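**Student:** One-letter residues, chain by chain:
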Amino acid sequence: MTLEDLDAVDRRLINRLQDGLPLVARPFAAVAEALGITEGDLLYRLERLCEAGVLSRFGPMYHAERLGGGLTLAALAVPEYDYDEVVETVNAFPEVAHNYRREHELNMWFVLATETPERIAETIAGIEAATGLPVFNMPKEEEFHVRLHLPV
Amino acid sequence: MKTTNDLEFAATGATGATGATGATCHAPSAEAERRLRGLLEQGLPLDQRPWRTLAEQAGMAEDQVMTCVRRWQADGMIKRLGLVVKHRRLGIQANAMVVWNVPDERVAEVGRRLARETAVTLCYRRPRRLPDWPYNLFCMIHGARRERVEAELADIVERLGLGGLEHRVLFSTHAYRQCGGRYVREGEA
Numbered sequence: 001m002t003l004e005d006l007d008a009v010d011r012r013l014i015n016r017l018q019d020g021l022p023l024v025a026r027p028f029a030a031v032a033e034a035l036g037i038t039e040g041d042l043l044y045r046l047e048r049l050c051e052a053g054v055l056s057r058f059g060p061m062y063h064a065e066r067l068g069g070g071l072t073l074a075a076l077a078v079p080e081y082d083y084d085e086v087v088e089t090v091n092a093f094p095e096v097a098h099n100y101r102r103e104h105e106l107n108m109w110f111v112l113a114t115e116t117p118e119r120i121a122e123t124i125a126g127i128e129a130a131t132g133l134p135v136f137n138m139p140k141e142e143e144f145h146v147r148l149h150l151p152v
Numbered sequence: 001m002k003t004t005n006d007l008e009f010a011a012t013g014a015t016g017a018t019g020a021t022g023a024t025c026h027a028p029s030a031e032a033e034r035r036l037r038g039l040l041e042q043g044l045p046l047d048q049r050p051w052r053t054l055a056e057q058a059g060m061a062e063d064q065v066m067t068c069v070r071r072w073q074a075d076g077m078i079k080r081l082g083l084v085v086k087h088r089r090l091g092i093q094a095n096a097m098v099v100w101n102v103p104d105e106r107v108a109e110v111g112r113r114l115a116r117e118t119a120v121t122l123c124y125r126r127p128r129r130l131p132d133w134p135y136n137l138f139c140m141i142h143g144a145r146r147e148r149v150e151a152e153l154a155d156i157v158e159r160l161g162l163g164g165l166e167h168r169v170l171f172s173t174h175a176y177r178q179c180g181g182r183y184v185r186e187g188e189a
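Protein chains in written order, with our numbering: chain A, 1 to 152; chain B, 1 to 189.
Hints listed in this document are in silico derivations from the structure and should not be mistaken for laboratory results. None of the values given here were measured: they were computed from a predicted structure. Just to be clear, a hint being listed does not mean it is correct.
[Claimed, not checked] Label-pair distances were calculated between CB atoms; the ranges are:
1. 125/A with 168/B: 34 to 44 angstroms
2. 119/A with 128/B: 19 to 29 angstroms
3. 143/A with 59/B: 30 to 40 angstroms
4. 59/B with 121/A: 35 to 45 angstroms
[Claimed, not checked] Okay, the calculated bits of chain B under chain A, using three or more residues with CB under 8 angstroms as the criterion:
5. 29 to 35
6. 44 to 56
7. 63 to 71
8. 104 to 116
9. 151 to 160
10. 165 to 176
Cβ coordinates follow ideal geometry from the N, Cα and C atoms, glycine included.
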């Protein structure tokens with residue numbers, strides 16, 4: 001399923017629900033009414049979109065720090081000839097939540113998520129020891145109104 | 001248009017909840033709250049009464065679940081409770097991390113203005129790592145095609161008058177892991 005397979009109602013539904021769900025006993029009914037469809041139609045569409053792999057879940061984005069955890073963005077400059085091996089080494093750390101190759105001399109970017117803030121430094125030291133490369137640690141210093149909303 | 005507004009009290013909960021805003025005589029146990037948090041992480045059930053379903057699974061009352069979620073949202077532990085779109089699956093694969101070198105005294109102002117742009121999905125201030133990395137403001141722009149993302153960025157630079165700020169665009173070319181660790185919000189792409 002790609003963007004082209006979504007009909008107008010699917011699109012409005014996805015756009016609306018990215019902003020969250022009302023805290024009422026029947027939230028899907030409330031959203032359906034606002035969209036001019038039935039609750040059953042809405043739930044059916046959501047199920048279909050989940051099955052098609054377009055939606056991953058309807059869930060919370062937790063605030064790592066408020067939960068007592070640690071979170072950071074870090075980068076490595078990996079020599080090309082070593083890239084695959086370093087990917088494996090870095091991803092062997094369960095604290096690595098995301099890992100992307102990007103077009104820059106710093107060509108590996110990963111997010112570390114840990115149970116405690118202290119564990120971030122330990123994990124970085126571990127990655128430096130395992131790869132022999134310096135980790136560029138760039139924790140968030142200030143967040144400017146995050147609204148991850150991708151209009152479809 | 002149909003305007004029946006009995007949504008909140010449409011059915012009587014099996015758990016004996018008194019409705020969306022009904023008071024409860026005792027607070028849920030810490031253990032029940034922990035269970036609820038774990039259940040929520042897996043996603044909200046897609047049924048007519050999702051809070052009630054969660055309540056049954058967590059061993060709480062429906063209104064206690066809603067009260068917890070409301071409190072977690074108010075105190076910022078839950079930043080957002082909504083649909084998570086797998087944008088790569090939808091063909092949104094050109095994901096640019098745009099990094100800026102902004103004078104420290106301007107970074108908050110520029111960050112706030114960038115964050116207001118609809119094309120910008122995330123915007124953070126992060127430390128420079130000199131001499132290799134002079135950039136202190138990061139934002140993400142997602143799009144289906146690279147040309148489109150580049151055009152959006154050019155438009156933003158022009159409208160916000162950011163042409164004088166050194167910046168770079170780092171497209172992602174491969175995702176080696178994208179699992180959302182335990183406390184991770186979905187973010188990049």
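**Student:** Work down the list of hints and note, for each, if the structure agrees.
**Tutor:** The hints, checked one at a time:
1. One distance hint, 34 to 44 angstroms for the beta-carbon pair residue 125/A and residue 168/B, is violated here, with the actual separation near 28 angstroms.
2. The supplied range of 19 to 29 angstroms is met by residue 119/A and residue 128/B, whose beta-carbon atoms lie about 24 angstroms from each other.
3. For residue 143/A paired with residue 59/B, a C-beta distance near 34 angstroms keeps the hint of 30 to 40 angstroms intact.
4. Roughly 38 angstroms separates the CB atoms of residue 59/B and residue 121/A, a value that falls within the hinted 35 to 45 angstroms.
5. For a cut-off of 8 angstroms, the count of residues in the stretch 29 to 35 of chain B with a CB near a CB of chain A stands at 0, and the three-residue condition is violated.
6. Note: the stretch 44 to 56 of chain B has 8 residues with beta-carbon separation from chain A under 8 angstroms; the three-residue rule is met and the coverage holds.
7. As drawn, the stretch 63 to 71 of chain B meets chain A at 3 residues by the rule of a beta-carbon pair under 8 angstroms; at three or more, the given contact holds.
8. Only when three residues or more bring their CB closer than 8 angstroms to a CB of chain A does the claim for the stretch 104 to 116 of chain B stand; here the count is 7, and the claim holds.
9. Judged by the Cβ-Cβ criterion of 8 angstroms, the stretch 151 to 160 of chain B is not covered by chain A as claimed, because only 0 of its residues qualify and three are needed.
10. Judged by the Cβ-Cβ criterion of 8 angstroms, the stretch 165 to 176 of chain B is covered by chain A as claimed, because 8 of its residues qualify and three suffice.
Violated hints, in rising order: 1, 5, 9; the structure is consistent with all others.
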